[in-house]
Structures are given as C-alpha cells and as structure tokens.
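Engineer: Listed here are the chains, written in short residue letters.
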Amino acid sequence: MKRTDETETILEISGLKKYFPLREGFFSRSSRFVRAVDGISFSLARKETMALVGESGCGKSTTAKLVLRLIEPTAGTIRFLGRNVLELGGKELLALRREMQIIFQDTFASLNPRKRVREILSQPFRNYRMDTGNLEEKVAEILELVGLSPPAIFLDRHPHELSGGQRQRVGIARALALHPTLIVADEAVSALDVSVKAQILDLMKRLQRQFDLSFLFITHDLAVVRSLADQVAVMYLGLIVERGPVRRVFSNPLHPYTQALLSATPVPNPRLARQKKRMLLKGDVPSPVDPPKGCRFHTRCPFVMSRCREEEPELKEKGDGLVVACFLHE
Amino acid sequence: MENILLDVRGLKTYFHISLGVVRAVDGVNLCVSKGEAVGLVGESGCGKTMTAHSIMKLVPSPPGFIEEGEIWFRNTDLLRLGEQEMRKFRGREVSMVFQDPMTYLNPVMKVGKQIAEVLVSPTRDRTVIKLLESVGIPDPLKVADQYPHELSGGMRQRVLIAIAMANDPPLLIADEPTTALDVTIQAQILDLIKTIKTEKGTSLLLITHDLGIVAEMCDRVYVMYAGKIVESGDVFSIFEEPLHPYAQGLLRSSLSIAEFRENLETIEGTVPNLLDPPSGCRFHPRCPMAMSVCKEKEPSLIQEKPGHEVSCWLYEKDGRDRNHS
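Protein chains in written order, with our numbering: chain F, 35 to 364; chain D, 68 to 392.
Check each hint, because a few of them may be wrong.
One side of the interface only, derived from the structure: several residues of chain F facing chain D at Cβ under 10 angstroms [what the hints assert, rightly or not]:
no. : residue
1   : G88
2   : S144
3   : L145
4   : N146
5   : L226
6   : V230
7   : D236
8   : V258
9   : V301
10  : L306
11  : K316
Which stretches of chain F does chain D cover? Using the computed rule of at least three CB atoms under 8 angstroms from a CB of chain D, they are [as the list claims (entries may be wrong)]:
no. : segment
12  : 290-300
13  : 317-327
These aren't lab readings, by the way, just hints derived from the structure by calculation.
Note that the Cβ used here is the ideal one computed from N, Cα and C, for glycine as well.
Generate the whole structure from the sequences, applying the supplied hints.
Structural biologist: Encoded structure:
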C-alpha cells in the first residue's frame, strides 16, 4: 500500500476552488460567495483509496462533483489519466468519463424508480454504444459480481423492491459496468446498517483488488476510513488541513482538528472508551460565507495562538507523505 | 428490586396494516434501575424505537396497538393509565429526546416560550434562562428569543434536552439523539447527557444503532433483533464475550478507528420482514450456527451467567441435546 515512485498517478488536483454565489435579492448582483472549496490539492494513484473526510459543509461532496466535472470549478486544475479534464469537451470528455464513475449515498434518488434493474444496468452500455452482443448476459455478469445472485430474480425488480443494501449493490454494479479506472463514492455506505455496511465495504474492497480500481471515498465516518483507505485528507471549511497515509494520520494526528475528530469518534470497546481522554471542541462550524481570518479553525482550536488569528498556515511537508497546515508544526 | 425504576414485561406492539400484522415489538422484557444507563441496540426496523414509543405511549394508533404486556414505572403500570394521567406522567417522570429535533420543536414558537410551556413550577432557580444555561447554550437570552430554524442542529438538540430535563424527570429516554449530528457536535451532546446523568442521577435508556456510543455511555445493554431481545448483560460482557451469534456478528462487523481490518466480517443476508417473520428463532436464516431446532422452536431467554441473558438454542441444554440426537 506504500506509495512508491513506480505507482502511476491517475488523478491530480491542484489549487481547486469552487465558490457559489449567494443570491441576495432578485436584481442585485451577488457579491458574496459560499467558499465551498477554497484551494485544495491532492493526487491519487492507481489501485489506491483516498478518503476525503470532514463534517457537514466542509466541501467534501463539492470536491467529488468537481472531480467528475459535474460542476465547473472557479479555479484550479484537475488532471485525470494525464489529461486536463477542464479543457476537454464533447466526445473527449465523454470518453474520459467512462473511466470515472460515481456511487451516491441516497439510492432512492440516484436510481430511477420507474426502471427495472435490467434497464438501469443496461444504460451504461447504451450510453457508449456497447449494447451490441448479448446485453442481458453482460448485465447478469455484473449482477453476479456485486453479489446479486442469481441475477434472474433481480433483473425485473424496481429499486423499491430491493433492500437498502441491495440497492447500493445495484449502484455499485452500474458504476462498475464499464470497468472504470476511478470510482468516486460519496457517503456510499453512510445510510446503511452496521451489518449491511460491512457487506458493502467488503464488496468494494474485493472489486478494487479484482479490477485494479482507485477509489475517492467521501465520508464523515472515520471508522470506515481506517479499514478502507490508504490515504486520508481531512477537510475543514473548504480546505485540507492534514493529509497523509491513514495509518500515520490515525496513530499520530498532528492538526488539532484531526485530533478532535478522532477523539470525538466513539470506539466500540467499553474499556478503551472509558480510558479515552476526550477533546471537546467549543461551538459550531463557522459559516463558509465568511470564514474566520487566519487559520479557519482558530475559533474552535484549543491551542490557538495570536498568530493563528492573523495569518493563514500553509500545508507543510512532515515526511512520509504527510502534510499539515498548522503553526504548531512549523 | 426497590432500585428498579422501569420494568417492561412481555411487551408486544403490533401494527395492523392492509398487508397483515407487523410484529414490531414481540415480547420485550427490559428494566432500568435508578441512576443506570441502559443501551438498546439493533439495526433499522428491529423495533427499538417502537419499544421506546410504547413506554411513552406514543405509538401511532391506529395502526399500532400495544397488544400485551406491562410497563411498570415504580408502582404504576403505565398501560393502565388513561391519556389524561399519562400526560402528567410524561415530562415529569419520563422524558424523551428524539433524533430529529426539528420535528419535535414547534417551528412557529420561540424557543423560550416552548420551554416555559413545559415548566410545571417555575422558581427563581428554575427559569427558562437557567435551563438553557444548564444545557450549555452560550447566549441563553438571545436563544430564548429565537425560532428553532435559526439554530444549528446541535443547538436544537440542546434545546430539546432542556425541554426534556425541565422538570427533572428520573428517567430520560434518548432515541438516536446524535445520529443526525456531526461527530464533534455529537461528542458535545453525549458529554452533556453524561453530565446531566452524573449531576442529577437521572437514569438513561439510550436507543442507538452505534455500538461505539453504547460502549461509551452505557452500563448495561440489550441487543434487539426482529422485535425481540436476543441478549442482555453488562456492557463489558456484551462487548467482550457476546453469546448470541447475532451480537457476535454485529460486533465483528462494526468498524473502529482503533483497529485496521483487512477482511471485513459480515452477517450474511438481510433483516427479515416482520409481516412474516421466520419460524423458530428469527435469526436462524442468517445464523452461521443454525441447527434444526432453531427452525422449529423459539428459544427462550435464559441466564447463561449472572446478569447475562441470551435467547439462543446453543445455550439451552435442551437444544444441545437435540442437536446431538
């Protein structure tokens, strides 16, 4: 899992920004913006899983949409398989999109309720004019791959006739149909029960090995990150505050926000839970419309210094591929 | 036995719908002692929320009916109380906080007024502002004058807790109180509930799907599956020596930040439909240890070790004999 020079980088994000204008009146031009993503950079290698973590409104889902170019960034570059995604259009973009797929959290919203599983899973092949030959056989094959077996009993069902776990398997099957390079999973297991969540994560890990997939995994659930991802990037108010190998970040988090997130996550072990010293953050996350000056975390940081209120810390290399943006570690 | 505050016996809550009868809660026994924190865990649809709603007598009726059982709170069987008496009971003796505070707060009434409404006997020490302060709201005067939609999720949950604790009830039922919140806010709310518990000696019945929260908050745990309690015991025995194959599977499949798992263990299959639950033990279709008896007969809850009960044929002498014969 270690990153070496031989590993091929498939995705490279640099200085990515997305500002959403605030509508403040019917006629007035908006002058204020929600700074959802405010200049982030990271890269992802083949067969690797990168987790983007953070709480509501930190910009992680916006990043997912930007990577797939479902929305246009305000600034920055996205290179995927050596090509600048933002410069492509028409057929070239379509061809590149075949290599990047997405799985969503809410399967009721992402699977058409009026279509049968057969139609939902035939669509990717139709989109790319690959519906020649025996389409039904191809669909049955991917259903088997995601553990919906025997396929015959699922082909004619509508999404509402499946359980939550089965619907997410259909979502994964659709993403997998064209054998992409990258799958973006946006809170793909967050709505699932414990036992079903483990089934789906197990399936994703297995498919990753089988098809050399890369995952960009968007989640708020740090326990999932520990067992699934190789790299983790912690986001706060549109910025990455710490990024590095999961093992390193989880065993020795450097940024106070990463420390707080890890210390706030309950562990299913009563002895550990009772020993744990909890680091409680004060207050709520500030608004991304008017983020705090200096370090954006300074309003809630237990180690705040005067410098943090004035200057913004930059990401600094700490060895072993770990970077952190905090004046405590300069 | 004097210490027992809440004692639920043989509770059955069924829903009568056009497709048939949904046995949401099907013979639940559960008790909470004074000052104790009890967890009720299980996955979606296992009946944990309906158990709580039954205790508060908030089951939507029709279609839901409490068919059988007794709910003893001290010396009163709540199921014998009329709605008038029950109203006096809620809030004073037992309070409940819910997952989604927006649904339970009145959207068109200011927060302060909503709290004032539930205060039975306001005194100088027990005012709306004092209450808001006690749940860690930084600017109580301002918040009292705001509407729920002006508050963040964490603040709303604090307001709901303030309302629940307004009259110092001896028992607080919390139904997934932090599920909708971000993890740092969740930590704040759990900390608040712990503080209330230690300061006032309030008993807690915590309903959750999150084993991490149970491990952290509870003294004793009930594990529920398909409308039934399958195992109960103190938090250490449940987490360290789970007996029921479902509890074992649940623990093995739950992930932790403290531990990397290369291969995730799972429980095969899905939760059964409670319109037509499996015969015998309801877990048998998914159980890796299922025996022939499991299909035929329902296991009873037996005490395997002091204070540790399980409902599984593996632990019944009768069951073991049958398996060998």
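Engineer: Run every hint past the structure and note whether it holds.
Structural biologist: Evaluated hints:
Below 10 angstroms, beta-carbon pairs count as interface contacts, and F/G88 has one with chain D at about 9 angstroms; its hint therefore holds. For F/S144, the shortest C-beta to C-beta distance to chain D is roughly 19 angstroms, which exceeds 10 angstroms, and the interface hint is violated. A cut of 10 angstroms between beta carbons decides the hint on F/L145: the least distance to chain D is about 18 angstroms, and the hint is violated. Because the closest C-beta pair between F/N146 and chain D is about 23 angstroms apart, greater than 10 angstroms, the hint is violated.
The beta carbon of F/L226 comes within 9 angstroms of a beta carbon in chain D, closer than 10 angstroms, and the hint placing it at the interface holds. Of the supplied interface hints, the one on F/V230 holds, with its beta-carbon coming within about 7 angstroms of a beta-carbon of chain D, less than 10 angstroms. A distance limit of 10 angstroms between C-beta atoms decides the matter here; for F/D236 the minimum to chain D is near 4 angstroms, and the interface restraint holds. Against a cut-off of 10 angstroms between C-beta atoms, the interface hint on F/V258 holds, since the closest Cβ of chain D lies about 6 angstroms away.
The criterion of a C-beta within 10 angstroms of any C-beta in chain D is met by F/V301, whose closest approach is roughly 5 angstroms, and the hint holds. This hint holds: F/L306 has a C-beta 6 angstroms from the nearest C-beta of chain D, less than the 10 angstroms allowed. At a threshold of 10 angstroms, the smallest CB-CB gap from F/K316 to chain D is about 8 angstroms, leaving the interface hint in force. Using a Cβ-Cβ cut-off of 8 angstroms, 7 residues of the segment 290-300 of chain F lie near chain D, which meets the minimum of three, so the contact claim holds.
A stretch counts as covered by a chain when three or more of its residues have a beta carbon under 8 angstroms from one of that chain; for the segment 317-327 of chain F and chain D the count is 3, and the coverage holds.
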